[in-house]
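**Q** Produce the entire structure from the sequences given, and follow the hints as far as they go.
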Amino acid sequence: MNAFPMSVANLSSDAPLPYKGRLAMFVLIAAESAIFTIFVMAYIYYIGRSLSGPTPQQVLDVPILNTAFLLSSSLTIWLAERALARRAIDVFRAFWALTILFGAIFLFGTAREWYKLITVDGLTVSTNLFGTTYYSLVGLHALHVVVGLILLVAVFVLSVITKLRPQDTQRVQVLALYWHFVDCVWVVVFTVVYVIGR
Amino acid sequence: MSESSISLPGGLPEAGTKEVSKGTSASVVEALQEWVITVDHKKLGVLYILYGLVMFAVAGIEVLLIRIQLAAPGNHVVSAQVFNRLFTMHGTTMIFFMVMPVVFGFGNYLMPLMLGVRDMAFPRLNAFSFWMTAFGGLLLYYSFLGGTGLQGAGTAPDVAWFAYAPLTERAFSRGHSTDFWALSLIVSGFGSIGTAVNFLATAFCLRCKGMKLFRMPLFVWLYIVTSALLILAVSPLTAAQVMLLIDRYLGGHFFDTQAGGSAVLWAHFFWIFGHPEVYVLVMPAFGMASEIIPVFSRKAIFGYAAMVAASVCIAFVSLSVWAHHMFTVGMSAPGNAFFALSTMIVGIPTGIKIFNWLATLWGGKIRFTVPMCFSLAFLFQFLIAGLTGIMLSVAPFNWQLHNSYFVVAHFHYVIVGAIVFMVFAGFYFWYPKVTGRLLNERLGKLHFWLFLIGFHLTFDFMHIPGILGMPRQIYTYEADRGWGPLNLVVSIGAFIQAAAVVIFVVNLLTSVFRGKLAGPDPWDAWTLEWTTSSPPPPYNFDVEPVVSSARPLWDLKHPEDPDSFNSGARS
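Protein chains in written order, with the numbering used here: chain V, -13 to 184; chain W, 14 to 584.
No lab work stands behind these hints: they were computed from the structure.
A virtual CB, placed ideally from N, CA and C, is assigned to each residue, including glycine.
Errors might be hidden in some of the hints.
[Claimed, not checked] Here are the simulated distance ranges between beta carbons:
1) V:GLY34 to W:ALA350: 21 to 31 Å
2) W:TYR552 to V:ILE104: 55 to 65 Å
3) W:LEU63 to V:THR105: 46 to 56 Å
**A** This is the structure we're talking about:
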């Protein structure tokens, strides 16, 4: 049976295999990036091609405060991660809740912006090319924020009603990775919609 | 039972378990339920393949109707509108619901076995992906019933598989058929992305001891490349379909040319998906060839590292060639030159692969089994398909032949001549592992020769009407064009292929019960899937295998000349 002794020396040099959740999230982020790339390309391609108004210059305000909140949430989630890694659960919960709050404020800001655009400026998806591409791109990002918030809230509730086990740290980190991605995409969306397109 | 598996070093004696099935109706329901709720990679693999075969039959019947209609000039077997639906459904089904499920099935079944592990990285995601793919196909075919929208127009989608804008806009495609088309591709796209995530996570995070990246079978490497392409290709398609639905349901203007939208932008988005998709489909075929050709040449694969490098290289280049589908939209001269040249560059890594397979054959003790016959036909036909591809990459030549039957012949040479042939080889090669019994060799040879003759009658002769100017997607043509006899030959070939496929299906069904018992390793092969019993137990391996070379089973069988001793290049 043991016809050939396998060299054990070889085995010790095996590099440890990466955590599958982390790798899967990176792959998912690659896929999401491709989706966002297509929407961003469409937005850039159609800048200034609308046949009728309103134009971005007329109706868009730069959402600086909103952006600051979303980008800060990346910092708070990182602090939460660090707290969890050293098992400081209360600190973790505090920063995690702050992240959720910042994300919610961002979403509220987007909602207010859309409300103004629809009721005051009369811009909807079907008004012109700007409306179509703007609501699609910003909406796609907002959708990702919503999904992220749901997951963040789920983790928060879990951390309250049960005890987070040490192996959950990795999972929380995977979710944080997603949240960082959502923030990074906002930088691109912000640049394209509010800087280049305006 | 002592022969039911080959024990690896450190393995336990055969556990000797075998579930007993009773013929009562309760156990039938139980078995069915077990298949529905399963998260086992082997069962999901088989489900994928069965689903793909059913869709193969459906899309095959559609194409036979097309060929009857085109067999003679001025035929009126189907109306023009039905003809449009037929080729749309044929193309969409064959790509998304036949080839993709079948290659996913092979990957699902074999990848964990080849890597010496017990399941995929995310078994439940795996089940989710399968059911999404299956549901996508049902959505597509539900359009036959539900496609008639409020305006009472349309049944099945009739916008061709690339669905060029603005034909797909609400004003021109009434009813719901186009919505079903878009939704089914979004849904199955999620399934594909889930599968790709799973393949990548399995290959990178879940290998047995000693299975370094460069000891993985090439099959696994090729599935890694396929998965990477899936991630980068299917996502843009999903994005474009979402835009299309925004146009159709929310009154958006992405592809609405009357409001300043661009039809060319859709073409770009579709082909950014469409061209890498070809490689998504052909990479698994490369993987199968890289496993089957060495086993039946009795030699290790020539140039393992070069094969990996060439595959990755093809994947990279394939992401920058999409607009060679669009030379006739009138791009700038530098644009034309870029896409012509980048397309030709694909020929270099592809050539490396072909020469490596040839070098594997060179000096080998070739055994002409059925899988080997299909593999050799694959080699030849893939070469021809690649050569016509390079012809079409020359922009001025392309302007002449764009959307002609020459193009149709070219891509069918790739998809049937290369991919379907290789998938058939895979069926004959791994069927004994899945069922425990070999496929009938005589029926297999008959299948091979009939399919080969039918294939060449159809697709060799299809090039000529293309050069004579016959455009694709026309439902009939006039007698004085001189395309009649050629189309008749093409149609006859299609029916010969259909007969060959019927023989294949009969073989698949009867060999489950009457095939020769295979044992764990019927082909005297070298990779880990052949060390376990056929069919493998639910847990795959009694003990996780430990490997020290790319051909662990060779090491075991040839202790006097193990790979792991002279593995300087490959350890």
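**Q** State, for the Cβ atoms of LEU63 of chain W and THR105 of chain V, whether the hinted interval 46 to 56 Å holds or is violated.
**A** At roughly 54 Å between Cβ atoms, THR105 of chain V and LEU63 of chain W fall inside 46 to 56 Å, so the hint holds.
**Q** Could one say that the CB atoms of GLY34 of chain V and ALA350 of chain W fall in the range 21 to 31 Å?
**A** Distance hint for GLY34 of chain V, ALA350 of chain W holds at roughly 28 Å.
**Q** Could you tell me whether the CB distance from TYR552 of chain W to ILE104 of chain V stays inside 55 to 65 Å?
**A** Holds, at about 57 Å.
Taken one by one, the earlier hints all hold for this structure without exception.
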